[in-house]
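*Asks:* Chain B: place on chain A using the hints.
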Amino acid sequence: MANLVALHHYQQERRATWIVSRVRRPRFSPRTRSMSDLALDIRNVSKQYAEHVAVNDLSLAVPRGSVYGLLGPNGAGKTTTIRMVLDIIVPDSGTITLLGEPHRTSGMTDRIGYLPEERGLYKKMQVRRVLRFLAQLKGVPAKVADQRIGEWLERLELKTAEKDWGLSKIDELSRGMQQKVQFIGTLVHDPDLVILDEPFSGLDPINAQSLKDSIVELKSRGKTVIFSTHMMDNAERLCDSVCIIARGKKVLDGAVEAVRTRHSGRTVALAVAGEWRDTVLPVLADRSLVSRVDDQNRHFEIEVAAGADPQLLLHRVIETGAEIQRFELVLPSLHQIFLETVGARGVEEGMSGHG
Amino acid sequence: MGKLGVVFQREYLERVRSKWFLLGTLLGPLFFLLIFVAPQLMGGRSASSENVAHILVLDATGSRMGARVADALREGYPTSPAPMVEKTSDSELPLAQDRAALLVQHSAIVGFLVLDSSTVAGRMATYSGRNATSMRDVEVIRNVVRQQVLSARMERAGIDPQQVAAFSKLRLEMRTQKIGDKGREKGSGTGAMLFGYAVAMLLYMMIVIYGQTIMRGVTEEKTTRVAEVVVSSVKTDVLLAGKVLGVGLVAITQVVAWIVLSLATMYYVLPIIQQSLGTPEQMLAARAAAQGADASSMVAGIPSISLGAAFALFCFFVLGFVLYASLFAAVGAMVNSQEDIQQAATPVMLLLVSSAIFMPPIMANPGGTLARTMSLIPFSAPILMPLRMTLVPVPWWEVTGSIVGVMLACVAAIWLSARIYRVGLLMYGKKPSLAELVRWVKYAR
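Top line first, the protein sequences correspond to chains A and B. If you read the first sequence in the numbering used here, its first letter stands for residue -7, the second for the next number, and so on. If you read the second sequence in the numbering used here, its first letter stands for residue 17, the second for the next number, and so on.
Just chain A, with the same shape it has in the complex (with noise of 0.2 Å):
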């Protein structure tokens, strides 16, 4: 996904014939799309394994042309839960709904693209090939496939005038081409619905920002996007909508202004001037007013206790003769929501193994 940046007007020229190259299959009807507005319903699904409960009784809907992020802590039960919307894995109870049809209807994983967390290829085979044969699996022709993979090829600068990597075998390619190479087998076959499993992680900042500009891209082309990830502050950014979960089960969901605004009121973000740091401190380490605080360094973002007044809490700062350079209740951040809700004590719980 490198360079994409450098890329993206390339990319608005070419889109055209992207478009035109795509083939559209008869089961994509307009009709079909009319039956339902989400592109995934997850309704009360439980996943138990022998020693502890994966997923409990977990219910969210992602509307379709959104981008959704599915946000937990390490082991909260996100990559199972991907799992079982691919039918990989089957749910104990509940139901999933996949573009107004239950998920296990025949050809609708032909319907989605899945990027795993975990990253692999076959290292001694063609690039081409590959591609190939993700494609065949998801129901392209070979002719159609290597059409489209000739075109992401040029596109994403495997294929150059000096150079076809597509000719090449896996393992001779840097890691940065290699998840290049990943993600256009996750879009090869045109889905409406992507997922992609932390895309971001193990990702430069280069290719990490490629990868927000392909998700927008995505978007713009009326394409469902979710994303698991504990970056907040990518989901932030990105998500049109979010789930939290945590231990299995849904902590809040809803559209991130909503979230945010939901849990307004209690945020302050304050900065003092830098010599002025050390006299607030006592302040907000009075619990009775300050329930927590980020600290970062020269700017604090502080959760106003329940039941006390933010305005109490500007009077302490103003009494200590500090130099205020902003007071302001702001909407919290995700991160902020994301603490808040979970806790440390559901992250920490969490760190062992998949989601």
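Just so you know, these hints were derived from the structure itself, not from any lab. All C-beta atoms, glycine included, are put in the ideal place defined by N, C-alpha and C. Among the hints, erroneous ones may be present.
FRET-style restraints, in silico, Cβ to Cβ [what the hints assert, rightly or not]:
hint, chain 1, residue 1, chain 2, residue 2, range
1, B, 38, A, 201, 12 to 22 Å
2, A, 159, B, 334, 34 to 44 Å
3, B, 36, A, 153, 30 to 40 Å
4, A, 45, B, 447, 19 to 29 Å
*Replies:* Same frame as chain A, but now just chain B:
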């Protein structure tokens, strides 16, 4: 093309395209040629090996027996250093033996042969030496002693020594012919035995090689995490089936290529080799190897097999392959690295190796209880029943029963393996214990 076809195609094409497959296919017949022809040529040479007669004969018989044996050995093995004879008596024998043993220890001689009164009586001679474990050398010495005791007796009975020498210059060559249900069969019995051995060996090798190919393939998919992408597109059962079928067809492709290449080698290359072997000293070697089948009788010795038997052989190959391939696939899905794989595969390998271990005794007595039992047990039947079938006529109900048994075992193995595969493929972490495996099988889906 269905998803099964896509998986199948990838498995087949990726393997057939590899240079290892090409190399194996081209070198295979050469390898077989070496396996079957080389021991005969080398065996022939070692019969006249340098030191078979380089021994000390301790003669405590009080007669000329020691000298006679030494002469016979010298005559029969002209390339070997001649044997020495030491005349001794019963009372001095233990001392003489100790001295001789020292000579052997210092490698002055290869061994020593003790002849005493019980030898003359035709009961016993003792040989001790460095080559005492060489069946062939010991057999050579035994034959010589036996012949000389016999000659001595005949002479004592008043038969002219000239005549005795003429009598004892006897070299018998045994020609064998197999008789089956349809009467005398074309080709020699040795040929049939070699053919049976070749078929069983081939089945065994193909199952071992390609079963492990599947196992490593599964582990590779698991460790590279490509499995996760693949199973989001295709059911694990379909994936497993596509793998077994794809790799199975690779094995069949290779066998067919080998057969074609081997036949070509036999008809075009072997005659040339034989011509070049026709030099005098090689003839000597060939004469000593007369009890084995020579290369020409091997070509002519391939027995004709009926269409039904050929079909049964094919069935055994396919079923045996599916049986072991699915077990190997389950093992491949259990482990987390290529390093753990050999250890985890041990139980499956033991099943396979035990079939191979029983090959020689079954070849020795293909109609016996051991042969019948082992060729009916599903785990050894795919290898041992074809072996038996090429050696002796097997009643059709036994063949059918055996095939049905293997089929049932196949169904059980596929059921079990599919479940282990399904769970194991996406289960990282430590290798499962037996109890965990049982849980996997129980709770899969």
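*Asks:* None of the hints should be skipped; say for each whether it holds.
*Replies:* Taking the hints in turn, this is what the structure says about them:
1. B:38 / A:201: 12 to 22 Å: violated (45 Å)
2. A:159 / B:334: 34 to 44 Å: holds (36 Å)
3. B:36 / A:153: 30 to 40 Å: 34 Å Cβ-Cβ, so the 30 to 40 Å window holds.
4. A:45 / B:447: 19 to 29 Å: At 25 Å between Cβs, range holds.
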